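Here's the letter readout for the chains.
Number of protein chains: 4
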Amino acid sequence: MAPRKLQIAAAGLGRMGHRHALNFLNRTPRAELVAAFSPDPKEHEWAREHLELFGQGLDALVIGTASSVHAEEAIKAMQKNLHVLCEKPLSTSVEVCRQVVEEAKKRPHLKVMCGFSRRFDDSYETAFSKVDQGQIGRPIILRSQTCDKHDPSGFFVEYAAWSGGVFVDMSVHDIDLTLWFFGNQIQPKSISAHGYVDNAVGIVEFWGGQIAYYYCTRMMAHGQEDVTEVIGTEGKLSVNLIPQSNLVRQYSEKGITQEVPAHYHGRFEMAFVKEANEFPAACLDDTPLAMPIENAVKAVQIGSWLQEALVTGKQIHFDQSGKRLEKSNL
Amino acid sequence: MAPRKLQIAAAGLGRMGHRHALNFLNRTPRAELVAAFSPDPKEHEWAREHLELFGQGLDALVIGTASSVHAEEAIKAMQKNLHVLCEKPLSTSVEVCRQVVEEAKKRPHLKVMCGFSRRFDDSYETAFSKVDQGQIGRPIILRSQTCDKHDPSGFFVEYAAWSGGVFVDMSVHDIDLTLWFFGNQIQPKSISAHGYVDNAVGIVEFWGGQIAYYYCTRMMAHGQEDVTEVIGTEGKLSVNLIPQSNLVRQYSEKGITQEVPAHYHGRFEMAFVKEANEFPAACLDDTPLAMPIENAVKAVQIGSWLQEALVTGKQIHFDQSGKRLEKSNL
Amino acid sequence: MAPRKLQIAAAGLGRMGHRHALNFLNRTPRAELVAAFSPDPKEHEWAREHLELFGQGLDALVIGTASSVHAEEAIKAMQKNLHVLCEKPLSTSVEVCRQVVEEAKKRPHLKVMCGFSRRFDDSYETAFSKVDQGQIGRPIILRSQTCDKHDPSGFFVEYAAWSGGVFVDMSVHDIDLTLWFFGNQIQPKSISAHGYVDNAVGIVEFWGGQIAYYYCTRMMAHGQEDVTEVIGTEGKLSVNLIPQSNLVRQYSEKGITQEVPAHYHGRFEMAFVKEANEFPAACLDDTPLAMPIENAVKAVQIGSWLQEALVTGKQIHFDQSGKRLEKSNL
Amino acid sequence: MAPRKLQIAAAGLGRMGHRHALNFLNRTPRAELVAAFSPDPKEHEWAREHLELFGQGLDALVIGTASSVHAEEAIKAMQKNLHVLCEKPLSTSVEVCRQVVEEAKKRPHLKVMCGFSRRFDDSYETAFSKVDQGQIGRPIILRSQTCDKHDPSGFFVEYAAWSGGVFVDMSVHDIDLTLWFFGNQIQPKSISAHGYVDNAVGIVEFWGGQIAYYYCTRMMAHGQEDVTEVIGTEGKLSVNLIPQSNLVRQYSEKGITQEVPAHYHGRFEMAFVKEANEFPAACLDDTPLAMPIENAVKAVQIGSWLQEALVTGKQIHFDQSGKRLEKSNL
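Protein chains in written order, with full-length UniProt numbering: chain A, 1 to 330; chain B, 1 to 330; chain C, 1 to 330; chain D, 1 to 330.
For the record, the hints were derived by calculation from the structure and aren't laboratory data. In this text, all values refer to a predicted model and were calculated from it rather than measured experimentally. Heads up, some of the hints might be wrong.
Listed next, the in silico EDC-like pairs over lysine to aspartate or glutamate satisfying Cα-Cα at most 20 Å (straight line) [as the list claims (entries may be wrong)]: (1) D:Lys314 / B:Glu308; (2) C:Lys88 / C:Glu278; (3) D:Lys80 / D:Asp132; (4) A:Lys254 / D:Glu32; (5) A:Lys314 / C:Glu278; (6) C:Lys314 / A:Glu308.
Short, incomplete list of chain A residues facing chain D, as computed with Cβ under 10 Å [said to hold, decoys possible]: (7) Pro243; (8) Ser252; (9) Ile256; (10) Gln258.
Label pairs and their calculated CB-CB ranges [to be verified]: (11) B:Gly209 / D:Pro152: 39 to 49 Å; (12) D:Val311 / B:Gly313: 13 to 23 Å; (13) B:Phe155 / A:Lys80: 24 to 34 Å; (14) C:Glu253 / B:Phe155: 11 to 21 Å; (15) C:Asp151 / D:Ser321: 35 to 45 Å; (16) A:Leu325 / D:Glu234: 39 to 49 Å; (17) D:Pro152 / C:Gly134: 24 to 34 Å; (18) B:Thr312 / D:Ser321: 17 to 27 Å; (19) A:Phe155 / C:Gly134: 22 to 32 Å; (20) A:Gly209 / D:Glu234: 38 to 48 Å; (21) B:Pro288 / A:Gly57: 39 to 49 Å.
Ideal Cβ positions, reconstructed from N, Cα and C, are used throughout, including at glycine.
In isolation and in its complexed conformation, chain A is listed as follows:
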């Protein structure tokens, strides 16, 4: 008898959603995409063309809708006893993120995962494994940037208005990497940020002495450039320091050129495929997920503080217990 496959439905078929749907349709031997929902008539049309929808006997839901409805859909899915793979962020509101976690805690038999896709990228996995084996000593400094190719349509500038801001929308990936490489338990000590709506630099210093600093922008002329460096007491690792579309170099009078992926998909395609395979495996085999769902809240929380520091022009401080210090306490 053929092994059982996870029966999964897709909510949302837009920018991110349709990629998740296609992955579960075509590239996940242990999962079967059985339905797809979308509020958008154009997306319905796309779905009719690309997806075979037989519905029924659903086990899980992958959520790739607009960020503003992630949490509500995740909670409803859990209430219908479905495993949930939710595109990041759970919500741009820390409070709402926490509600998702509350719901998940009530149903420990369900797998609830927020899709921090970089955790499934071969290069980041290799880097983490080296840190984990102590190859760079104790990690102390993390520099990470999420830089998108300039989109002349202006879509993303508008987008920033309701996405929680660049630190919540973009740097949340870098913050998640920080929690991964420094450990989930680290506590911020102080936070600063400078910049503008879609071009900003921020620093988070942690109790314990580690420092993470982030750059995010949507103005890169050359393409997607998501770089991470981790410096330890005995060595350093970089991931994607020189981005590349492929292994071709072109030599001309101008010099030697390597092309750069235009979008996150060119950089992270296989990470999304791996995520789409590891989630059904965890559901079917009841094995632990790559990261606890609480992590997703902590990442949004730190992103929100960076955003606040950016907007107010003030450094934020915390005591060692995680309590925020007001100006008068400083």
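Chains B, C and D: place on chain A using the hints.
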């Protein structure tokens, strides 16, 4: 109604065969692996574990057995009206290669493809497209090497004895790239080679002035290093000049290090997946294959001449019609 | 008749001083090193061995002593009518820096230069020229780091105590690059910094929207890693993103490795030589120096503010006229 | 008293000669350029402008004239008791090279060096030192290329006619590297070559099993690309695999670009300076030169055989004693 999928069987489950079988099982939305055959009892066991065999209604056969039986299996499959995807080479004998082509010509409704996987690699496809668009002018020099990590077991040294020699077994990939980048119609003018059973350099000069030169070895300490450079009158392209396992760089007292794939699979995994998807598409849609099957014969022919030049220590010459010139004609 | 050479003396023969002295002795066709002074008896000995001291007819002084005496020596030299090339910083005190500038303004016939060696580095010159030609549009973001190989002797940790702190001692180079690439006239709007005595990250946001951010450390396991990136509205430039000692790559079971210079000298040797040649040229031909001496004060000023932000844990703000805003004004 | 400097004169002030003269004028603390000779009136003019000629008490001669007069000038200089640094090749005729060596053997107190500048390049020195320390095991394969940027003036195509051919004129550098890395004592076993007047590939197989293969051209669109790879039983080294003008990378819509030196001077400037410093040191201190002068003959000899193989289209064979085998012996 779900679209029809190509029903395919796998012959051979060894080093190459099991990878083809797994790709058709898990990574080809338009093909269904329905059977697997192997003469080896251990491979039968592997198949029971990994494959679901339901047999029946077969459309196609993927051949990943030992090179010595490729041709016989390919011919039998065509005689049973099956499309054929055959791992390279069709045969180590040019004569036997021709018999496969003869059989294929009798059955033009069948798709018969020899698996030169590099044709499906993103980087080679990008490079070819640039050449095709004239970005480097007229291509004149091609340097290509197939270099395997040293295998201390000695397997491959023995293997060379019955694989047709390194130029037929290994460089055949580089020769196929030459036919791709210079055009199938090019005719060798003279051929030289120097070296040993598993460490050799060869040169093919073509009528028209192009030169291809090849290096192949199985003694690399660091890993797989398959590099190609194409120099044209107005520019140059390189593919995989600095091999890399992933996008991580490790910094230590020794310097900055990038790891290298240990095997062809680390370098060409996605090319094999693409090949396994394009073959069913060509069969189901009756569209042309990436390359004519005659090409596979020409590649083996040139490989055999290089091997002869290596063994005899003599340069081989041809006239412009492709006729070989004997010493007395020179 | 042989062309006249600049007669120059060297003050200080320590870590930096002896390199300046050797350059003026051996690698400057238009200058002649005629004397060397040092308070340290061991340095006297070194000088007797390496330098030919004939004294007399002095035109200029190169100052490579401890930072704490730079300013005093520079002022005395000007008072003796000597051109001055002073190792950076003029002083760790902004006030004292200003006194040097005052003295220089009184004697406009003298060339007074603070040795920001990166201005003479081929790679930085190329990068600046591209920015200057508008090749990356308007420069907006500058990331720059000065990272030394870990010195197990602990010398530099002690050194930090009296060197003005890491932002004044190390990042001053990155700040000078900022003034070069963004223009001398830019005014800071706000400044933050986080970290420790020898491991710190800082951000300077400018009126006009540009942001510079800096990392400096003395704990690199692998060597010297001084990297700069400049992002503009239409492109980006990086300098030394992957440091390298030379053009050798070593392939082993570990992967492919490039070695890294252990010290600033391995990275900037030729920049110091160029500086040592351009200074005499400017003196002899009475041509303008690479940068106005006022710049050196501004760089130390910004470094001091970063250091203050680091120590106090508070963001510093300025109005558009350059006036510092107190908390009550925010 | 100032240490004695080597009094050196320069013969030839053309393409190569004027660079040697300038180096000895400005960048060699232990040598003094005291005279310069040239048959060309325009070069005389250049010399009057750039050089201070005082003549007298000559110790040495640097020869940078046309290849055709190198040998005669070298012999005359030795007869006048001068040390000689001669630009490569000593002669394009093996016989004439041998006359220079004969003359040098008669006068063992003189230093006679043929300027294989790559021997003084930091990267090649580092690579050799690693090979010498056994870091790649026993070196077996050497690939080396000398590739010039296309010169649209056509000068070099004409030049090839009287320069001995590309293998003697260009690949002689790669052959010299082969003798360095494999050892001066290696004996060719067989030689092949294919190609045209300024675009050729050659292979030299040695008794002992080592293989060297060379590519040389003057048609590179992008610039100078002199690459060497040495493969050993336990590792590999590459030198200048990705050529670069400097440490700048430029990011644009096209991708990430590194510029390439247009000429040998951009790649080897510092090697020429080092050569110009090590030669006087050997003369003044009577220390051994970097390589025996016999080497320069052997390199030209192998280049001539490659050139012969190229022109005749026939492989050349040798027995283990170095005796050439005729067809009838094969």
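Hint by hint, here is what the structure shows:
Between the alpha carbons of D:Lys314 and B:Glu308 the distance comes to roughly 15 Å, so the proposed pair stays at or under 20 Å and holds. Restraint check for C:Lys88 and C:Glu278: satisfied, since their Cα atoms lie roughly 17 Å apart, inside the 20 Å limit. With a C-alpha separation of about 38 Å, the suggested pairing of D:Lys80 with D:Asp132 is violated against the 20 Å cut-off. Pair hint A:Lys254 plus D:Glu32 does not hold up; C-alpha atoms about 40 Å apart against a cutoff of 20 Å.
Between the alpha carbons of A:Lys314 and C:Glu278 the distance comes to roughly 44 Å, so the proposed pair goes past 20 Å and is violated. Of the pairs offered as hints, the one joining C:Lys314 and A:Glu308 holds, with about 15 Å between alpha carbons and a cut-off of 20 Å not exceeded. Because the beta carbon of A:Pro243 sits about 7 Å from the nearest beta carbon in chain D, less than 10 Å, this interface hint is met. A distance limit of 10 Å between C-beta atoms decides the matter here; for A:Ser252 the minimum to chain D is near 6 Å, and the interface restraint holds.
The restraint placing A:Ile256 at the interface with chain D holds, with a minimum CB-CB distance near 5 Å, inside the 10 Å limit. The closest approach between the C-beta of A:Gln258 and any C-beta of chain D is roughly 5 Å, which is under the 10 Å cut-off, so the hint is satisfied. A beta carbon spacing of about 19 Å between B:Gly209 and D:Pro152 contradicts the range 39 to 49 Å that was offered as a hint. At roughly 19 Å, the beta-carbon separation of D:Val311 and B:Gly313 lies within the given 13 to 23 Å, and the hint holds.
The hint said 24 to 34 Å for the Cβ distance between B:Phe155 and A:Lys80, and at roughly 55 Å that hint is violated. Between C:Glu253 and B:Phe155, the C-beta spacing of about 19 Å keeps the proposed range 11 to 21 Å intact. Checking the proposed 35 to 45 Å range against C:Asp151 and D:Ser321 shows it is violated: the Cβ atoms sit about 57 Å from each other. Between A:Leu325 and D:Glu234 the beta carbon distance is about 58 Å. The supplied range of 39 to 49 Å is therefore violated.
At about 28 Å, the CB distance of D:Pro152 to C:Gly134 agrees with the hint of 24 to 34 Å. Separation of B:Thr312 from D:Ser321 is about 23 Å and conforms to the stated range, judged on CB atoms against 17 to 27 Å. Taken as a hint, the range 22 to 32 Å holds for the pair A:Phe155 and C:Gly134, whose Cβ atoms sit roughly 27 Å apart. A hinted range of 38 to 48 Å for the beta carbons of A:Gly209 and D:Glu234 is consistent with their spacing of about 41 Å.
Between B:Pro288 and A:Gly57 the CB atoms are about 41 Å apart, so this pair conforms to the stated range of 39 to 49 Å.
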